[in-house]
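*Asks:* Since chain A is already given, all that's left is putting chains B, C and D on it; use the hints.
Number of protein chains: 4
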Amino acid sequence: MAKVFSPKIFNDPVYGFITISDPLIQQLLDHPWFQRLGRIAQGGMTYLVYPGAQHTRFHHALGATYLMEQALNALERKGTEISKEERQAALAAILLHDLGHGPYSHTLEGSIMPGVHHERLSLQMMQRLNEEFHQSLDLAIAIFKGEYPRTFFNQLVSSQLDVDRLDYLMRDSFYTGVAEGIIGSERIIKMMRVIDDKLVIEEKGVYSVEKFLIARRLMYWQVYLHKTVLGAEAMLHEIFRRAGEVVLEDPILFGTPALRGLLYAKGQEHSSDDLLDWFTQLDDTDVMASIKVWSTHKDPVLSNLCQRILHRRLFKIRLQVPEIPEDFVQECRQKSAQVLNLSPEQATYFVQTGSVANQGYDKSKGEINIYMKSGKLLNFFEASDNLAPENLSKKVVKHYVCFPKEILPLATWPQAH
Amino acid sequence: MAKVFSPKIFNDPVYGFITISDPLIQQLLDHPWFQRLGRIAQGGMTYLVYPGAQHTRFHHALGATYLMEQALNALERKGTEISKEERQAALAAILLHDLGHGPYSHTLEGSIMPGVHHERLSLQMMQRLNEEFHQSLDLAIAIFKGEYPRTFFNQLVSSQLDVDRLDYLMRDSFYTGVAEGIIGSERIIKMMRVIDDKLVIEEKGVYSVEKFLIARRLMYWQVYLHKTVLGAEAMLHEIFRRAGEVVLEDPILFGTPALRGLLYAKGQEHSSDDLLDWFTQLDDTDVMASIKVWSTHKDPVLSNLCQRILHRRLFKIRLQVPEIPEDFVQECRQKSAQVLNLSPEQATYFVQTGSVANQGYDKSKGEINIYMKSGKLLNFFEASDNLAPENLSKKVVKHYVCFPKEILPLATWPQAH
Amino acid sequence: MAKVFSPKIFNDPVYGFITISDPLIQQLLDHPWFQRLGRIAQGGMTYLVYPGAQHTRFHHALGATYLMEQALNALERKGTEISKEERQAALAAILLHDLGHGPYSHTLEGSIMPGVHHERLSLQMMQRLNEEFHQSLDLAIAIFKGEYPRTFFNQLVSSQLDVDRLDYLMRDSFYTGVAEGIIGSERIIKMMRVIDDKLVIEEKGVYSVEKFLIARRLMYWQVYLHKTVLGAEAMLHEIFRRAGEVVLEDPILFGTPALRGLLYAKGQEHSSDDLLDWFTQLDDTDVMASIKVWSTHKDPVLSNLCQRILHRRLFKIRLQVPEIPEDFVQECRQKSAQVLNLSPEQATYFVQTGSVANQGYDKSKGEINIYMKSGKLLNFFEASDNLAPENLSKKVVKHYVCFPKEILPLATWPQAH
Amino acid sequence: MAKVFSPKIFNDPVYGFITISDPLIQQLLDHPWFQRLGRIAQGGMTYLVYPGAQHTRFHHALGATYLMEQALNALERKGTEISKEERQAALAAILLHDLGHGPYSHTLEGSIMPGVHHERLSLQMMQRLNEEFHQSLDLAIAIFKGEYPRTFFNQLVSSQLDVDRLDYLMRDSFYTGVAEGIIGSERIIKMMRVIDDKLVIEEKGVYSVEKFLIARRLMYWQVYLHKTVLGAEAMLHEIFRRAGEVVLEDPILFGTPALRGLLYAKGQEHSSDDLLDWFTQLDDTDVMASIKVWSTHKDPVLSNLCQRILHRRLFKIRLQVPEIPEDFVQECRQKSAQVLNLSPEQATYFVQTGSVANQGYDKSKGEINIYMKSGKLLNFFEASDNLAPENLSKKVVKHYVCFPKEILPLATWPQAH
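Residue numbers (the working numbering), protein chains in the order written: chain A, 21 to 437; chain B, 21 to 437; chain C, 21 to 437; chain D, 21 to 437.
So here's chain A without its partners, still in its complex pose (with noise of 0.2 Å):
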């Protein structure tokens, strides 16, 4: 008996409903890997800052695809013609975007996979699928690798100006309660134009771009860039660089056997298919059912780490343009080592240094290109007389270093600014 489809609808706090009418992207919302994004947070470890930073990427991608939906029905009231298939494609390829996450999205990137990025193992991960649902992701494989010639589709899906960032802008903003995130995510679709296959702003929208990257550049620094945000998942990755050396002596830690799998798998070799598997069963609940555990531990680095994070006794960082002098990372090291009693090496788990970026317009992803009233094309800063080209465009570095909040006060605590 062939399988009737009726459309699924979701209740979405941000758009309202949202319908899932086509049967293939059912399907695959059904799949247990996109299930599985159901039990990844967007947002990492931000809910440590903002308590109702809950959501998933399981919503996120389902907004996304909302948006899309309606990206398409704006074209397509302005002449652009888009085909049944061109349409399953587009909303296949957003759907699938973010597959590739692992548990606290990007925290453990790197550390888990080592060396793999996520859009990598999304690829990775669509082929398969393509594979089970017998080449149906054709097109939508060839939209998000950009190899499809109608550019626009691609540009949807991964440019500076996608639903990928509208939907996570309004979400994020959303379930934060940080306001200032609102962006006109439905007037910007709204001017959304397709010249010659390109995307293209009409210029009366050029003021809700402008924005838009400053919403973006904003979320960055308020949100994903938060200084106890960044300390929360540097001890993440501490946790994990720990329990990669524990298990070689420990061979009963605690773990699910996925988490087990790629915790042993680090520096052996392994077939790609195998880290593959463990990989795609992984989400935050077995990270921190196991930091649970793992809280208990004798190995000091890691049951100490593993209860700030427990319990909310985040690292103090410091998070500033000019670069970390030495001298005062190794001073944090020598009075955490004192304090906690620690060897010099064991130190090095509780002070971490690294830098941040964020970039308010990115060239590298493609001009945002605004549609003139006299029918010129620009590019965005041409059409914004108000915008300066040459700060939003520039990378803003920050650097940072966390340590053990008991370890002050410190001799070299430097001056700000």
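The reader is advised that the hints may include incorrect statements.
Treat identical chains as interchangeable: a pair holds within one or across any two.
Unchecked claim - Pairs of lysine-lysine, BS3-like flavour, derived with a Cα cap of 27 Å:
#: 1; residue 1: Lys-418; residue 2: Lys-224
#: 2; residue 1: Lys-336; residue 2: Lys-104
#: 3; residue 1: Lys-383; residue 2: Lys-414
#: 4; residue 1: Lys-396; residue 2: Lys-418
#: 5; residue 1: Lys-224; residue 2: Lys-385
#: 6; residue 1: Lys-414; residue 2: Lys-385
#: 7; residue 1: Lys-98; residue 2: Lys-218
#: 8; residue 1: Lys-336; residue 2: Lys-385
#: 9; residue 1: Lys-396; residue 2: Lys-425
#: 10; residue 1: Lys-224; residue 2: Lys-414
Since the hints were derived computationally from the structure, they do not count as laboratory data.
*Replies:* Just chains B, C and D now, kept in the frame of chain A:
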């Protein structure tokens, strides 16, 4: 060196900013037992239907504490004297009121800690905290237990119109996106007043109370007792019933130590202190991480149930006012055994019956009293000439049976109504 | 040269963007008679209590048209065929449904155009527009009058659950800030379906309908029939009663020509065409500009009443279910005469009695029918086992007397309840 | 008998409830001059583009007063002492700050009361109220004029980051539905602090200030200086220019006494007391009621312009950074004369030129100072390493010409950019 307290400020998408100034409340908030509530979903399995409902007990407790502060301020402005100690105690009582909730909130109550209601656990945990905090929770506990003579404090914590309900209706409505649950909590609080140490609502707030009662009832049927949610909860319940048996035969059944402790404890003698220790370590991640591992267990019942919940292949459910006919249940079981290739005993895990109830207005929790402009006190139904007391006070009981979708169609599928 | 139509887009804080694509609907929207609705407050004098309630009939009509479009789309997706002509006619019917409203909406109905209900005026104006637009409103008028055989179109325009009510509850709730009026209009529309050309609501929408009925009732008592609003409306009514008399003695009484035309017309013979011409020129500004001038008129009744409404020194009002005792009204009048130094006849303008009524569910407008999953059609009360039909269907009548605050205290001021 | 004051509570869709407790503030609020602001649209003709923008100066003043109270509370919590008199005065100053606005806010400034800025009128009216209220506004006036030594009070009333701007951005954004204007006013207020009696913003508020500046600039170009709004304002301006001439020849030109008084007063000598008397009686309804009558006046210029604004047949406008070439303006005039059958002099009323300007950051209103964690005070641009001072501080000037749509197409229509 004395610890310096500066106010803690939380972003809350529902109320804006929540400021916690009281040092004791801050310390309680930092306690591991309270932090644990940040890993327990407020709505249990609700997120399977409403993907936005990922908010936690932590956030709800914080919100209720905020509303308590608002209510106390409103009462003070109307001349009710509230001492500093009473204020602190009322805040502590509401902050901690849900401490005794286990993973997935109500779902596993009774199945993980058999026979212990979450309110009794909350009280037990508050008493332990009281020792830890050198008796500074004496008054909070008296308020929580309803033993403090100024009754309105307890009524604000736990009555038919308390800040607990005001917060959860607002919050659940916000995160699920079910706009119908929005109530005028700010307005209701402005209408509160204390007469003879009892909480009353001023006459002009009577429509807001009506609305609150109706919204609450609707949230019950549309969200808390939503069919699909009930089906998922039944599934989770059966998973733990089965795991409790499997663990007796499979001593290395995966699980965090706390979860294994409680699974083994069933039917054995254990000090209640041991049980409480394990319980206070347990949260949603223990449960979900285990379910993921169990989904490949060799026990066909356990693994099948776990797969279903993981991949959202939930039970179908029939929910109705009349009792479920026994022959219908039997048919469900037989067909499940046949279709899923199970023994009759195994099939019982896949066909669950039960009932749920909701009462719009429950006198046993005390009347809602209305303070008329004339100076008279009336109970809610005397004051509202619109709502039907006999209907709203009626306990609506619905019976359900849930079963795997695969067994449809059934011969005796009863006609609705 | 042919006029080119591009869609008109309106920003709406309630729904986001409203797009009007149909050329005829655009032309109707541009018509002076529709533009006039932009100078008539949707809520009459409500803004005197809720300062945000300044939104206009224009905006409500636009919103209802948007919801009509949503509803038609939802029905089409469920297989109901709707021709292009029917769609246009349904949009036109709802756009124009309030055309016959005069200044301050309901307040002056009956006092400016005596004995003519706004719906009859709407119809009359639609018929004139039909001539102007070369019969292109034939079908719209048939739908409006309930003469088109496919009943659901008329039900969407005017029934117990029409897009008119869905919009005004949402909109009034939004602009007044009375959150309790928020309803799930989007959800209700998703639950609509057409069976045998009749509008029905699917079973799972029954809670939303309950909520809609309760929200509507509360909005009536809390906003539309708010005591202070009723007092202001009585005042406005008396102002026009008095002005109608003053104008006979003071031929140069200030007023716009249209207003003076209608004031003089009372008691004289005039072609209904003349009356309609004047009426269609009248809006809130004629009324308020005149009241301001009249506030210094030598007639003490007229000027006193006008000053009160201008400077918000509104009548006090007693609103209650029992009838107002005649001796209480007499005392009010005597005391008013005495305190304000008026003749007994003059005092009648300052002490008004009357009654208001609201019916939560009104069968005379047709049942709300629920389409059960079983395929049966039930009326709302059969489907909802919760709300009390006898109560919700009961017409609640309240009587009031309003009078100047200065006459308090009164000897016979009756005790509440 | 002493008048008893109980707090006045207003429902505000933007902030929830606004409570006015201070008796003086209540009396000011009840004063006819303040009530008059309830008949003046906050956004002038903006509603012609954003139909939701019907909110009044009354509501804005109320909202700004609420924010002032919030700000004073926040400062007190941080240790700034504020006396009861200072609090009352600050509230009075902000409540009355817009008293001097005339009909349609900025539009008719200079055309009805020639050469008088609304702030000077506000001050004049506050001084008259001060007499009426027995000098109880002395301190409020000192704060308003910037003469009170504790500068932060004046800064809260009138600076680059005052509660006036915080409210109008939030409120205009809410009522227009332009979500991009939403700012974190609550957050900014939480970040305020007083150092040496000057208002500063704490370092971590710097992103919110950036956001505020960008949102304000965008609201200017997208709402306040929206092309269509500018066109409508030019039209209104010309209507009054023409009416001022017509009245000289048509002594019975329709108008309320106050409006006629001011129209006649032009070019004649009048005591400024007379002018102020008339002015304080004037609001939007005088203007719109007159326009309606004038739309059938025999003067073709006056009636044509009035019809256009009434029926929303607005001027087309060209708005651009380069100046409008004179020959283009000439062509517009010639063609208007020809198409509309007007004399060259008459055509000048239909073709208007002018310029508008906006400055994102205006040092002449005083710097926004940031209080760094290090204890240093920096100006905003020193503290924000992201926004470009040279751009945001630049005054952006745009020139426009507006003309009747009927004259298109034009030969010399210049190409954009």
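*Asks:* Evaluate each hint against the coordinates.
*Replies:* Going down the list of hints, with the structure as the test:
| no. | hint | verdict |
| --- | --- | --- |
| 1 | Lys-418 x Lys-224 | between (35 Å within a copy, 15 Å between copies) |
| 2 | Lys-336 x Lys-104 | neither (53 Å within a copy, 32 Å between copies) |
| 3 | Lys-383 x Lys-414 | both (10 Å within a copy, 25 Å between copies) |
| 4 | Lys-396 x Lys-418 | between (38 Å within a copy, 20 Å between copies) |
| 5 | Lys-224 x Lys-385 | within (23 Å within a copy, 30 Å between copies) |
| 6 | Lys-414 x Lys-385 | within (14 Å within a copy, 29 Å between copies) |
| 7 | Lys-98 x Lys-218 | within (14 Å within a copy, 35 Å between copies) |
| 8 | Lys-336 x Lys-385 | neither (34 Å within a copy, 38 Å between copies) |
| 9 | Lys-396 x Lys-425 | between (57 Å within a copy, 23 Å between copies) |
| 10 | Lys-224 x Lys-414 | both (25 Å within a copy, 22 Å between copies) |
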